[in-house]
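Trainee: Residues per chain are reported as follows:
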Amino acid sequence: MGSPATSPTSSTDVVAAVQRARASKTPLQPVGGGTSLHFGLQSAATVEQLSLAQLNRVVDYPARDMTITVEAGITMAQLAETLVKEHQRLPVDVPQADRATIGGVIATNWNGHRRYGQGSLRDFVIGIEAVDGNGLLFHGGGRVVKNVAGYDFCKLLCGSFGTLGIITQVTLKVRPLPERSAWLACSVNDAKKAETMLAALQQSAVTPAAVELVSGSVWQKEAALAETNLTKDNFGLLVLLEGTTTEVLWMKDHLRREWREAGIVNPLMQDGCAEPWPAVQEFSAHIDSPLTVQASVTPSGVLPFVAACRKRDPDCSVLAHAGNGAVFVRFAKFPDKGLSELMMGDLQPAAAAHHGHVVILNAPPGAAITHRSVWGGEAPLAVMTAVKKKFDPLDLLNRGRFVYI
Amino acid sequence: MQSIPSPSASTLTRLADALRRAIGAENVLTARSDLMVYECDGFVIEKNSPDVVVFPRSTADVVKIVKLCNEMQVPFVPRGAGTSLAGGCLPIGGGVMIVLMRLNRIVEINYRDRYAVVEPGVVNVHLTNALKGSGYHYAPDPSSQGACTIGGNVATNSGGPHTLKYGVTVNHVLGVEMVMADGAVVQLGGPAEDPLGLDLVGAFVGSEGTLGVVTKVWVRLTRNPQGWRTMLAIFESCDDATQAISEIIGAGIVPAALEMMDQGILVAIEAAFSFGFPLDAQAILLIEVDGLDAGLDQQRDQIVELCKKSKAREVRLAKDEKERLKLWKCRKQAFGAIGRLSPSYCTQDGVVPRTQLPLIQRKITEISAKYDIKIVNVFHAGDGNIHPILLFDERDAAQVERVLHASNEILEACLDCGGSVTGEHGIGVEKIHFMQKMFSPDDLVAMDNLRQAFNPVGNLSPMKMLPTAGGCGMEQKHPGRRAAL
Ligand SMILES: Cc1cc2nc3c(=O)[nH]c(=O)nc-3n(C[C@H](O)[C@H](O)[C@H](O)COP(=O)(O)OP(=O)(O)OC[C@H]3O[C@@H](n4cnc5c(N)ncnc54)[C@H](O)[C@@H]3O)c2cc1C
Ligand SMILES: Cc1cc2nc3c(=O)[nH]c(=O)nc-3n(C[C@H](O)[C@H](O)[C@H](O)COP(=O)(O)OP(=O)(O)OC[C@H]3O[C@@H](n4cnc5c(N)ncnc54)[C@H](O)[C@@H]3O)c2cc1C
Chain A
1 MGSPATSPTS STDVVAAVQR ARASKTPLQP VGGGTSLHFG LQSAATVEQL
51 SLAQLNRVVD YPARDMTITV EAGITMAQLA ETLVKEHQRL PVDVPQADRA
101 TIGGVIATNW NGHRRYGQGS LRDFVIGIEA VDGNGLLFHG GGRVVKNVAG
151 YDFCKLLCGS FGTLGIITQV TLKVRPLPER SAWLACSVND AKKAETMLAA
201 LQQSAVTPAA VELVSGSVWQ KEAALAETNL TKDNFGLLVL LEGTTTEVLW
251 MKDHLRREWR EAGIVNPLMQ DGCAEPWPAV QEFSAHIDSP LTVQASVTPS
301 GVLPFVAACR KRDPDCSVLA HAGNGAVFVR FAKFPDKGLS ELMMGDLQPA
351 AAAHHGHVVI LNAPPGAAIT HRSVWGGEAP LAVMTAVKKK FDPLDLLNRG
401 RFVYI
Chain B
1 MQSIPSPSAS TLTRLADALR RAIGAENVLT ARSDLMVYEC DGFVIEKNSP
51 DVVVFPRSTA DVVKIVKLCN EMQVPFVPRG AGTSLAGGCL PIGGGVMIVL
101 MRLNRIVEIN YRDRYAVVEP GVVNVHLTNA LKGSGYHYAP DPSSQGACTI
151 GGNVATNSGG PHTLKYGVTV NHVLGVEMVM ADGAVVQLGG PAEDPLGLDL
201 VGAFVGSEGT LGVVTKVWVR LTRNPQGWRT MLAIFESCDD ATQAISEIIG
251 AGIVPAALEM MDQGILVAIE AAFSFGFPLD AQAILLIEVD GLDAGLDQQR
301 DQIVELCKKS KAREVRLAKD EKERLKLWKC RKQAFGAIGR LSPSYCTQDG
351 VVPRTQLPLI QRKITEISAK YDIKIVNVFH AGDGNIHPIL LFDERDAAQV
401 ERVLHASNEI LEACLDCGGS VTGEHGIGVE KIHFMQKMFS PDDLVAMDNL
451 RQAFNPVGNL SPMKMLPTAG GCGMEQKHPG RRAAL
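For the record, the sequence lines run as chains A and B.
Letter by letter, the first sequence follows residues 1 to 405 of my numbering.
Letter by letter, the second sequence follows residues 1 to 485 of my numbering.
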């Protein structure tokens, strides 16, 4: 689907591409690394793909200001490589970082496990440039870390799935690399115990960078977790600690003591490395699973939501950024009763009971996905549609893919 | 953006009657003397009385008010405590002022899911007080927190001394319920993160009352740090102090707060509170790190060393909580002390990249000399947010003129450094003439598009934040005289 991609090398080129699309009334699909283009509904109409791959320069990196300005097509890996030279990072963990682009990550408002301790992606975008469906090149924010001049287009475009504007350049706030990091992991017998331990973590003096809850066959096969005795029915709790060496050592001791008091005998520890388990970062990206969904619920809703999924598929695998309430579920088989029934009948009510909603990340091609089942949940559509109509009156940008049609 | 015709006297009488019936006569003010109180906020240069002031007690009241205003085509403007320093509450074209101070309940506090639900009229410090002893706090702490409301904080995206590490209001707001310009009630976001669809909460925060009237807010609660180390570094020159800031940030330390005060303001604080500051020092830095006790001494030592490397004369450490609070008192009361220095003053709110602080500091000194206006400085230095305070006597027209020129030149200099004209006070009516300098015509069209999506008729907070289509921003005649809170 889609004609061969055009690949602009400047924001002026992007403006020209939108102007052409306006003239021919051909919908446009901005493409970053193409890692999640399968997501959402596709429109039947001819779509022209617009690749941002050649807009991939570092525009300015005043490292001592701890900000960086880059073009939207730079990959997350390239960005990380640039930052690491100055002992800095953007603490946002993205699957397939060698392909995924900062523009795509912002367009999808992707957040990984460090969000618990470091904040979400939207907190790091301080300036943005984009081209809207009118062919207007516009900016929001700037290059300073504190700024309240004008409306916050950085936030508006974060998670807009490229439906309001094609992002061409962004300025990010960055953070120093921590001196040390360590993972602590253990298995927990049942859901009730898991909830107690999650709640306790929130009261603990320890301040984790990430709090992950895992379960299911995918994790049982994870070699790095073998010693935690993960079974079919229990849960794994993974905690990432980051900071100065003194802080990390103190937190490790303290948390082990707390866990021991809670009856955990032998927690597993991986010291000195931030990424012992790529599985945590890449979990959601497995398109070979028959069905992957993501729910956003309140933190106390994580275990009830997982229970609802297990009820439908006892063999599903779960990764939850449990401190934030983001739950990813890979089902082991495609639901017999049908996708819509599973989404709208079971999962959406289970998420809604905890103020949340659920979306399909991956379903097999040809599955009877409806707009409602992809985006299970209620959004204030009247306002969103009004905004969309102002920024893209001809509905050229990513037509039909987002919550509004 | 459409301009709003001023309502006729008979329309206003009918509207006031209808409002009394709708929300109760005791919640409606129309007497001239009562209205005078609402003719301006903390920005006192431009004044205009509203025609009617109303005090809703529920979301339903706000809906009734907004619908009546729409029916009779009368503009309306929301107001919290009225501490805005940019004139956000100015009722341009008169009309109805909706004061939200009586919507002041804390509806829910949920520690497991780390959020609280509050009505917009809750005073910022009241939420802090309600959370005392729980191990949690609400992070945004504007210096006006004893008076300003959470609704006003959301509308202006307030910051404060601790925003360096903890972020501004938008980083702590999970959702809002609001009454749209046409009277529809909408909930954006809520207790869970990442609501479905566009991030309209993010776009709404900081919209300065132009996109809707907030009637409920879901705020995020933050764990209290285990400990603090607070210190005061004393410098012989402002250059050395700004250099130290750059060194600290450059070393990858993110303090909880990093505030700078220059000699001018120190003298005033000392006269008011006798803290025992050396009056010959040119600048001091108030630096606080917080977090795990285990890591704090190391960070403190590193900071002391970096300050010494930047030629600090002395670094004093707060020994205990009492000394810490004393240091903070001197910072938070800084504005209160200015009254001793001059009859009038005008605070600016520019931002520069942190590494440009030495440059902007020198520039301010030059501008002070050029216009013969005394300027003292309080900076949220860690964020690059500067608050130069221009001292003058408003009875002297020539001085007033010079203050205006000096203010403009300082803000222009911030823009030249790659910064912004406002870090926390907002555009309001005060800085509207700068919008065309900061943003391109296309940027402004995009902003107007967003406003029109929410507020198509334009009768909610008209003539604020965006220059009108004709480009005739307000012309400033007087600098602000800031009341000391
Ligand atoms: C709901 C959801 C589902 C996801 N599913 C997967 C998955 O199945 N596998 C996986 O590996 N990762 C997935 N991700 C994460 C995804 O990898 C990241 O968001 C990724 O960083 C996207 O980057 P990309 O450059 O590959 O974007 P792309 O896949 O190229 O594009 C993703 C979306 O962003 C838009 N977009 C891209 N660039 C721009 C731009 N410059 N301006 C405006 N819009 C742009 C596209 O039109 C498209 O709608 C998902 C994320 C979300 C939020
Ligand atoms: C001494 C002093 C110190 C200050 N220190 C700081 C500081 O450190 N950091 C900082 O950021 N600011 C500071 N300010 C500025 C001011 O306190 C903030 O902007 C504050 O957020 C305003 O809150 P308020 O309730 O007084 O709002 P108001 O002044 O009443 O209103 C401000 C704006 O918000 C709109 N508004 C108010 N309530 C609502 C609502 N419910 N729905 C929609 N719109 C609404 C109004 O229309 C107006 O545009 C200071 C002010 C003073 C006087």
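Honestly, the hints are just simulated from the structure, not real lab data.
A virtual CB, placed ideally from N, CA and C, is assigned to each residue, including glycine.
Any given hint might turn out to be false.
As the list claims (entries may be wrong) - List of simulated lysine to aspartate or glutamate pairs, DMTMM-like, C-alpha gap at most 20 Å:
{"id": "1", "chain 1": "A", "residue 1": "K173", "chain 2": "B", "residue 2": "E247"}
{"id": "2", "chain 1": "B", "residue 1": "K165", "chain 2": "A", "residue 2": "E81"}
{"id": "3", "chain 1": "A", "residue 1": "K389", "chain 2": "B", "residue 2": "D442"}
Unchecked claim - These stretches of chain A come out as covered by chain B in the derived footprint (C-beta under 8 Å, 3 or more residues):
{"id": "4", "region": "137-143"}
{"id": "5", "region": "234-242"}
Trainee: Now look at each hint and say whether the structure bears it out.
Mentor: Against the structure, the hints come out as follows:
no., hint, verdict
1, A:K173 <-> B:E247, "holds, 18 Å"
2, B:K165 <-> A:E81, "violated, 25 Å"
3, A:K389 <-> B:D442, "holds, 17 Å"
4, 137-143, "holds (count 6)"
5, 234-242, "violated (count 0)"
Against the hints set out earlier in the document, violations occur for numbers 2 and 5.
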